[in-house]
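Q: Throw the hints in and build the complete structure from the sequences for me.
Residue numbers (the working numbering), protein chains in the order written: chain A, 1 to 320; chain B, 1 to 322.
It is worth saying that the hints were derived from the structure and are not from the lab. Mixed in with the good hints, there may be bad ones.
[To be verified] Label-pair ranges, simulated between beta-carbon atoms:
1. A/K282 <-> B/G125: 38 to 48 Å
2. A/Q272 <-> B/Q44: 49 to 59 Å
3. B/P303 <-> A/L315: 34 to 44 Å
4. B/P270 <-> A/H250: 46 to 56 Å
Beta carbons are placed, not taken as given, at the ideal position from N, Cα and C, and that holds for glycine.
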Amino acid sequence: MDPDRALLLWMYEHLLLSRKFEEGLIRASTTDGQVRVGHPYIGQEAVAVGACAALQVEDYVVSNHRSHGHAIAKGVEPRRLMAELLRRTDGPSKGKGGEMGMADYAVGFMSSTEIVGGNIPMAIGIALASQYKHDGRVTVSFFGDGASNQGTFHEGLNLASIWRLPVVFICENNGYAEATPVEYAIAVDDIAARAAGYAMPGTVVDGHDTLSVYAAVSEAVDRCRKGDGPTLIEAKTYRYFGHYYGDAHHRYRTEKEVEEHKARDCIDKFRQLLLGKKVVDKDQLEAIDEKVSEVIHSALDFARQSPPLSDSERLAGVYV
Amino acid sequence: MTAAIETRQLSYWQALNEAIKQEMRRDQTVFVMGEDQAGAAGRQAQGLIDAWGGPFGVTRGLIQEFGPERVKDTPISEAAFIGAGVGAAINGLRPVVDLMFTHFAGVAWDQITNKFAREHYVTGGQACVSMVLKTFGPCYAPFLHFPGMKCVAPSDPYTAKGLMTAAIRDDNPVVIFDSLRLLRTKGPVPEAPYTIELGKSRVVKEGSDVTLIGVSWLTTTCLDVAQRFESQGVDVEVVDLLTLEPLDEDTILRSLAKTKRIVITDQDHPRCSLARDIACIIAERAFDYLDAPIVTVTPPAIPELTGPDETRIEDAIRRVIE
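A: This is the structure:
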């Protein structure tokens, strides 16, 4: 089903929120030694936004170490996300989680993790509970190309398949596991081909194209809701920065390659689409840009004013 | 508790089985998951069901009463199904997940230490990991190292039922370390559900001359040793740890304040072990109580766990009372 105008605008706003959020974070880090950028998602936004556009609020998302974009697309408020990254108490995890303990249960953003592939089992468990309770909800499990070489990928996809769990596995193939290219580390050309080993559909989508991701995930979500079980979607995408912010990525990839991907930028592409379809005009786009910039600006202010964890808060909460 | 109820005898595995069964009846969100919790999965149409009833029969009979939705046999994929247990728990269920043997933990260690133990804390309390991980084995020290998971070791059928029931009802992740040595031992077990408070150790025999710390099957051994010393005029107090985390330091120190001497038994490897951890706590918090050096009795540091046997516990007691 084609997205309506409201959904298209939601997509654009969230692509931009994600991009500008991280740009704001990077700017802040250059003047404030306390701000750590971590693992930027810039370049991959079409995947999270396209996928979450296919979900309902009550559906679940489970993330990995590159969590900012997933969080924003699932509806975590930028100012609370920023507070969490700055380890402040107004973050959804009260500053105890940071980038890789990011979770906001209020919007179904359930978990992040520092271990590559480590959250695939968590995602299938959430989906298992949905199946057990017959609540009709779907869980999306985001992970990267590197995770598809972990044992949890094999164990998890097999388990999800034999139990026909309502889970959508989205592998964001950004070309690199840390500094190791996929063509070196992965035995097949398409990670989606691995789905055959688990008797589930495997689809490749252009991860620079929000609407392609949206279409593929919508179909997978429908399968889940019908009780037909999981799907593996491989989104071919690209990260503009290194594995982490500050990573000397030019030592493992050429400037030419980076520029080729930037020329296909998902946000530029979406802007052209909106203008081409006359969903908005240039003035309206500019108004959205300004609104988003303001949200990010105030998110940083909010986060900086939020109190850091006290020692007593840090020591509490080991058990319920 | 009436005398009639107390005389009902169950073996250790039956006590665990009854605890799980009663909690599954009481609470629809409780389910079991693991390898061969029933066995012969999916072959009910051929008249094949409950082939194993769990490793050592602990979950025997559950699938007939609760069906395959609540008695979930898994492939041999410990990382996936332990992590899935955490996911199910944070989504409102109470999984009782079986890690057949403790030394299988290695293949699921990320799930155990980074998800099971940590998810509640790192999400600022959003995650409620109401999950039980039950396992046979003595190697609990690696688990105790990581904050966030409660660890218990029943010592007889009565404590097995009470601790399992408490663990299932607890909103925290709890690991139950069972022992194959206890599997067929029998003891009085009340039929009605009951809990034993997590975080509490108990004095199973009072004494005034020496404190002897027991854990799991070693508690019975310690009681036997204590009895033998009684005839020699040495009054041994035996403490059964039951919960290993959070550790009931007060019960240990209260006993030591009385006896001034302590022997700590352990069935786990000696380096960085529970026994040496308790010794350290005593050295830091209660050095002045001591009239003799702390003695630990553990298996030798070889890559196989056996013992310790009674003779070594007796030798240790002689050392501290000399």
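Q: A separate judgement is required for each hint: does it hold in the structure or not?
A: Each hint, compared with the structure:
1. A/K282 <-> B/G125: 38 to 48 Å: Roughly 46 Å apart at Cβ, these two residues keep to the hinted range, so it holds.
2. A/Q272 <-> B/Q44: 49 to 59 Å: With Cβ atoms ~58 Å apart, the hint holds.
3. B/P303 <-> A/L315: 34 to 44 Å: About 37 Å separates the Cβ atoms of B/P303 and A/L315, which means 34 to 44 Å holds.
4. B/P270 <-> A/H250: 46 to 56 Å: 51 Å, holds
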